[in-house]
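Undergrad: Sequence:
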Amino acid sequence: MTDHDSRLPGTRASDDVSLGEQLAAIIRELPSDSLTLGELLDVFGDEGLLLLSALLTVVFLIPVSIPGVSTVFGAAILLVGISRVFERPLWLPERIRTRALPAGRLRPALEHGMVWVRRLERISRPHRLNAVTDGRAQTLVTNLAFILAAVLLMAPFGFVPFSNTLPALALLLYAIGMIQRDGGAVLLGHLANIGTIVYFGALIGGGGVALHGLWQRLSG
Numbered sequence: 154m155t156d157h158d159s160r161l162p163g164t165r166a167s168d169d170v171s172l173g174e175q176l177a178a179i180i181r182e183l184p185s186d187s188l189t190l191g192e193l194l195d196v197f198g199d200e201g202l203l204l205l206s207a208l209l210t211v212v213f214l215i216p217v218s219i220p221g222v223s224t225v226f227g228a229a230i231l232l233v234g235i236s237r238v239f240e241r242p243l244w245l246p247e248r249i250r251t252r253a254l255p256a257g258r259l260r261p262a263l264e265h266g267m268v269w270v271r272r273l274e275r276i277s278r279p280h281r282l283n284a285v286t287d288g289r290a291q292t293l294v295t296n297l298a299f300i301l302a303a304v305l306l307m308a309p310f311g312f313v314p315f316s317n318t319l320p321a322l323a324l325l326l327y328a329i330g331m332i333q334r335d336g337g338a339v340l341l342g343h344l345a346n347i348g349t350i351v352y353f354g355a356l357i358g359g360g361g362v363a364l365h366g367l368w369q370r371l372s373g
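Position in the sequence shown counted from 1, then plus 153, gives you my numbering.
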């Protein structure tokens, strides 16, 4: 067992333990000092990337996220999606891999976000709507949608309530859907993605209208 394994036990996916229980165990075992994304990746391994992605999204399932975290976590999740599309091992740039995570600040946010994980887990059903999850074309579509959600998570709206929550919800639904082969969860992920795009469009449109009105007043 490596030092990383001893710091974060119980991080391997298990058929006998639910996703929520696995994530809750990981959160409880987070060290009180800093932790890097590289250390988390080394523990989860390539076979646990969806579980790692689920963990990284949990912190955003609160109205306002921790500043500066969405870009780093979003980039890591984006690279997970790309690795799944091309069926390659995950590669993280050294800058992201060695990025120190404030474990002390993350734990309360993660614990708060676990409420959503438990809610979604209760409505998830393994092997539901297999036509959505089975097949190379379906898997590709889901992975591309997963990548889109990661890009939306990285959008510079972190200061706006729910701007991180909506794409994170989509990512968590995709992770649950792919882990449990639940087509219903995947479809809900698509709806969350669409909702995010509509919400961001409203933010951008509203900002444009406000700027136009301000310009009219200043120039008039």
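Among the hints, erroneous ones may be present.
[Stated by the list, open to error] With beta-carbon atoms standing in for the labels, derived distance ranges:
| # | residue 1 | residue 2 | range |
| --- | --- | --- | --- |
| 1 | Pro314 | Arg272 | 16 to 24 Å |
| 2 | Gln291 | Gly358 | 27 to 35 Å |
| 3 | Ser171 | Arg260 | 14 to 22 Å |
| 4 | Asn283 | Gly358 | 34 to 42 Å |
| 5 | Ala178 | Arg272 | 26 to 34 Å |
| 6 | Ile276 | Val170 | 13 to 21 Å |
| 7 | Arg275 | Asp186 | 29 to 37 Å |
In short, the hints are calculated from the structure, not lab data.
Each residue gets a CB set at the ideal place from its N, CA and C atoms; glycine is no exception.
Undergrad: So, for every hint listed, does it hold in this structure?
TA: A quick look at each hint next to the structure:
A hinted range of 16 to 24 Å holds for the C-beta pair proline 314 and arginine 272, which are about 19 Å apart. For glutamine 291 and glycine 358, the Cβ-Cβ distance of about 33 Å falls inside the hinted range of 27 to 35 Å, so the restraint holds. Checking the proposed 14 to 22 Å range against serine 171 and arginine 260 shows it holds: the Cβ atoms sit about 20 Å from each other. The supplied range of 34 to 42 Å is met by asparagine 283 and glycine 358, whose beta-carbon atoms lie about 39 Å from each other.
Against the hinted window of 26 to 34 Å, the Cβ-Cβ separation of alanine 178 and arginine 272 comes to about 19 Å, which falls outside the hint. In this structure the hint that isoleucine 276 and valine 170 lie 13 to 21 Å apart at CB holds, the actual value being about 19 Å. With their beta carbons about 34 Å apart, arginine 275 and aspartate 186 fall inside the hinted range of 29 to 37 Å.
Hint 5 from the list above is the single one not met by this structure.
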